[in-house]
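Taken in sequence, the protein lines are chains V and H. In the numbering used here, each residue carries its 1-based index in the first sequence increased by 544. In the numbering used here, each residue carries its 1-based index in the second sequence increased by 544.
Simulated from the structure, these hints should not be mistaken for laboratory data. It is possible that part of the hints are untrue.
If several chains are the same, the list does not tell them apart, and a pair holds so long as it fits within one copy or across any two.
Straight-line C-alpha distance at most 25 Å; calculated SDA-like pairs for lysine to any residue [to be verified]: (1) Lys-692 to Pro-620; (2) Lys-614 to Gly-659; (3) Lys-627 to Asp-660; (4) Lys-692 to Ser-639; (5) Lys-646 to Thr-628; (6) Lys-627 to Thr-643; (7) Lys-646 to Met-565; (8) Lys-646 to Ala-582; (9) Lys-627 to His-655.
2 protein chains.
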Amino acid sequence: MVPFKVEFLIKIGDLEQKRAMLNQMNVRGLLFDPYNNAYIVILRDEEHSDMLPIWVGKSEASAISFALEKISPPRPMTHDLMKTMLDNMDAKVISTVITDLKDNTYFAKIHLLFGDSEFTVDSRPSDAIAVALRTEAPIFASGEVLHKQNSEELERWLENLKPEDFGKSDV
Amino acid sequence: MVPFKVEFLIKIGDLEQKRAMLNQMNVRGLLFDPYNNAYIVILRDEEHSDMLPIWVGKSEASAISFALEKISPPRPMTHDLMKTMLDNMDAKVISTVITDLKDNTYFAKIHLLFGDSEFTVDSRPSDAIAVALRTEAPIFASGEVLHKQNSEELERWLENLKPEDFGKSDV
Numbered sequence: 545m546v547p548f549k550v551e552f553l554i555k556i557g558d559l560e561q562k563r564a565m566l567n568q569m570n571v572r573g574l575l576f577d578p579y580n581n582a583y584i585v586i587l588r589d590e591e592h593s594d595m596l597p598i599w600v601g602k603s604e605a606s607a608i609s610f611a612l613e614k615i616s617p618p619r620p621m622t623h624d625l626m627k628t629m630l631d632n633m634d635a636k637v638i639s640t641v642i643t644d645l646k647d648n649t650y651f652a653k654i655h656l657l658f659g660d661s662e663f664t665v666d667s668r669p670s671d672a673i674a675v676a677l678r679t680e681a682p683i684f685a686s687g688e689v690l691h692k693q694n695s696e697e698l699e700r701w702l703e704n705l706k707p708e709d710f711g712k713s714d715v
Numbered sequence: 545m546v547p548f549k550v551e552f553l554i555k556i557g558d559l560e561q562k563r564a565m566l567n568q569m570n571v572r573g574l575l576f577d578p579y580n581n582a583y584i585v586i587l588r589d590e591e592h593s594d595m596l597p598i599w600v601g602k603s604e605a606s607a608i609s610f611a612l613e614k615i616s617p618p619r620p621m622t623h624d625l626m627k628t629m630l631d632n633m634d635a636k637v638i639s640t641v642i643t644d645l646k647d648n649t650y651f652a653k654i655h656l657l658f659g660d661s662e663f664t665v666d667s668r669p670s671d672a673i674a675v676a677l678r679t680e681a682p683i684f685a686s687g688e689v690l691h692k693q694n695s696e697e698l699e700r701w702l703e704n705l706k707p708e709d710f711g712k713s714d715v
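Working from the sequences, and respecting the hints, build out all of it.
Spelled out as structure tokens, the structure:
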């Protein structure tokens, strides 16, 4: 039997490893959030069934929705223009990563292959997702983000509870 | 004296030449249009004082406004991301052109220099302007667009006149 202290350290190690790992996410859909007058992009890690809801504005939601529904607008939208520019220069989007979550704000990066070299640019997750869907690049989320999201989501949930919510009961 | 018919042909020739010419435009400002719940980007040809009003959505107006006011948002907006990608690949925006106006819709192109070659991508004028302002590239409008804009604008103005408008008088 592994002594408690060592077992605890192993678990901490596991957790750190899990947080550093990248989880491939699928875009499951878009929801409208009437309370915040915003849209929520739902990402899901198919392996662990972790959900990652990301709040985005209307135009960002449109950019993602057009790609999800494979709609070709009569005139190029901003992310279509970006893709055309990248195609013209033979640059390839390798992957996009939702890297961090701080104060309810998500951060992302886009990794590109250009000639023999790679480079990474900072991005809002909505842009990263809109670009990934158009270039068929994978979307990852760090374990750290998935972990933080669950904690922050819980906090937000608790903050939003009103006194009257505690009085409610089905009994 | 030039005979009337020849003089007329010379004028037609002038007009055609004028329409084919590119006029450099400055972004004079952004207005809110409450009737259409949209924003209007005002471009002006400083040489001939021609104005070109272009209706854009809220997010496009934000993208242009941030560049006009030289605001650096905490996270990169979509056109900032586009500029960072272009910078990373040493691609340069040479110019942007508002090329055409059909059924109240403007069309534009962005010309880029990449290595030893140039390429052109179709764009919405709002994207072209947002990119031009960030890359300090000039914005042109074809004489054709300026000519059409005046006709279409006049038509729209006449269409919007209500019967009661005819009764109005300051006399």
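Hint check, failures only
Hint check: 2 fails alone, others pass.
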